[in-house]
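**Student:** With chain A fixed as given, assemble chain B onto it according to the hints.
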Amino acid sequence: MVRMKSLALLAAPIGVALVVWSCDPQRSAVAPIIGTPLAHFNEFQCTPFKMTGGGRIDYPPGTAEKNPPASHRYETFGAHVMDQDGDCVADQGALEWVDHRPEMRVNGQPLNLHATEVTFAEVATDADCRDGAVHWGGKLRVQNTGQEGVDFVVWDCDDGEPGVSDGFAIAVDLVVNGEFYAVTCPESHAEPTCTLTGGNRQFHPTH
Amino acid sequence: MRIDTFRGTVRFLALVLPMTLVATAQGQMRAASRAEAYGVSVSTPTVNQKSPYAVLPTGEAMSTDQGQGVSVAGLVTAQDLFAIVTGDADPVDGSNAVSSATLGAVQLLNGLITADGVVAIASSTVGDNAVGSNAEGSSLGSLVVGGVEVSDPAPNTRMDLPGVGYVILNEQRPTGDGVTASGLTVNMIHVVLQQPILGLLGQVVGYKTVGNIIVGSATSSVTR
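Chains as they are written, first to last, in my numbering: chain A, 1 to 207; chain B, 1001 to 1224.
The following block holds chain A by itself, in its conformation from the complex (with noise of 0.2 Å):
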């Protein structure tokens, strides 16, 4: 009787360890393969960083240069990512997406995306950005729809303050219009990166 009260309790809090275990998010850091092959963002580190800010892309095209404001051809975001250990698993992160061209509005809406989860943050090494570079991604959850766990990724990059050459890309495993939706600029210094035409992007290499 001894030996089972015994048993029970060395048992009870494994049991309890495990189920936690069970419920904890398992956060992977691979990155989803979305996308087509790059010339920048191509060898990564992981090392302890964060990246914050937000602001606005004219895609496209997607250069400096802004379209004109009745077109409503812009982007604006916020986003925050950061991997505290270097391990290239995000500890931290957010994105709120939302794209105004009048072809991408969902249910009378613009599409506008938010991140659920983040899970990957690795260090670019090969991007032309100078203050730093990240590609990041997780799930999210379509706002418009309600369809959650929607795999997503992101080009970040940090060229210098005040961000006017900085960037952003966005690729979604989500079809709008029969077309997987994506943000991304293959002409620009920073490929696949759109510049900013407002806003910022901030590098923290010690978080």
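Treat the hints as calculated values from the structure; they're not laboratory data. On a predicted model such as this, the values are computed, not experimentally measured, just so you know. Virtual Cβ for every residue (Gly too), placed ideally from N, Cα, C. It is possible that some hints are incorrect.
When the alpha-carbon atoms are kept at most 20 Å apart in a straight line, the in silico SDA-like pairs for lysine to any residue are as follows [said to hold, decoys possible]:
hint	chain 1	residue 1	chain 2	residue 2
1	A	Lys66	B	Pro1153
2	B	Lys1208	B	Pro1162
3	A	Lys139	A	Pro102
4	A	Lys66	B	Ser1151
5	A	Lys66	B	Ala1154
6	B	Lys1050	B	Leu1109
7	A	Lys66	B	Ser1142
8	B	Lys1208	B	Asn1048
9	A	Lys66	B	Val1150
10	A	Lys66	B	Asp1152
11	B	Lys1208	B	Thr1046
12	B	Lys1208	B	Gln1195
13	B	Lys1208	B	Leu1161
14	A	Lys66	B	Glu1136
15	A	Lys139	A	Asp173
16	A	Lys66	B	Pro1155
17	A	Lys66	B	Thr1046
Derived coverage of chain A by chain B (criterion: at least 3 residues anywhere in the stretch with Cβ under 8 Å from a Cβ of chain B; other residues may be distant) [claimed, not checked]:
hint	stretch
18	45-56
19	70-77
**Tutor:** Here is chain B on its own, set in the frame of chain A:
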């Protein structure tokens, strides 16, 4: 003599070291990042409303809010509103703050002012090599004021609205000393509602402000 020198050194260190530590701590404590954005704000004696509204919480890096539509009878209607604020206070690598407010179709004062696509962006940065704020990315699409099309208004463009007050387009209000702190508020459409002040003989002797309508507001500020 040696003892005196030693004691003097100890006294000096006892005095200077705490001051250095305090100064360092204060320097680190001062680093701050602030961001705030909203789509529409109406402030009158009978209405006080701000929506959607996002403000950067202390210690957080991002906040958002949104709304499909806002309508305040007779004053303003707006569609597709988003407010996004991001920022980070970092005494080592530098601080930044970016806020944005975006709107689709907008109508103020029963059509006296209309626009189709409003973007307000305020961005502030402070670091070793740069201190500053800007409104890059802000824009007004298809803006019409009193029947007159207004394209890409310069910062702080003021137009009178007879019988109503006046409007400031692309209003920009900087803050900070530009050395250790920098900030900016951008209000893309700011209507100031006024009423005449009448003299004893019924003549207009001045105007008093009775309300404000702001459409597309973004504020960012950072402190080293």
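**Student:** All hints are to be evaluated individually against the structure, with a verdict given for each.
**Tutor:** Consistency of the hints with the structure:
1. A/Lys66 - B/Pro1153: Distance ~15 Å between lysine 66 of chain A and proline 1153 of chain B Cα, so the pair holds.
2. B/Lys1208 - B/Pro1162: Between lysine 1208 of chain B and proline 1162 of chain B the Cα gap is close to 14 Å, so the pair holds against 20 Å.
3. A/Lys139 - A/Pro102: Since the Cα atoms of lysine 139 of chain A and proline 102 of chain A sit roughly 25 Å apart, the hinted pair is violated (cutoff 20 Å).
4. A/Lys66 - B/Ser1151: 14 Å, holds
5. A/Lys66 - B/Ala1154: 16 Å, holds
6. B/Lys1050 - B/Leu1109: 17 Å, holds
7. A/Lys66 - B/Ser1142: 15 Å, holds
8. B/Lys1208 - B/Asn1048: 18 Å, holds
9. A/Lys66 - B/Val1150: 17 Å, holds
10. A/Lys66 - B/Asp1152: Cα-Cα ~12 Å, so holds.
11. B/Lys1208 - B/Thr1046: 16 Å, holds
12. B/Lys1208 - B/Gln1195: 5 Å, holds
13. B/Lys1208 - B/Leu1161: Answer holds: lysine 1208 of chain B to leucine 1161 of chain B is near 14 Å, not above 20 Å.
14. A/Lys66 - B/Glu1136: Given that 20 Å is the threshold and the Cα spacing comes to 10 Å, the pair holds.
15. A/Lys139 - A/Asp173: 10 Å, holds
16. A/Lys66 - B/Pro1155: 17 Å, holds
17. A/Lys66 - B/Thr1046: 39 Å, violated
18. 45-56: holds (count 6)
19. 70-77: holds (count 6)
This entry does not satisfy hints 3 and 17, going by the numbered hints stated previously.
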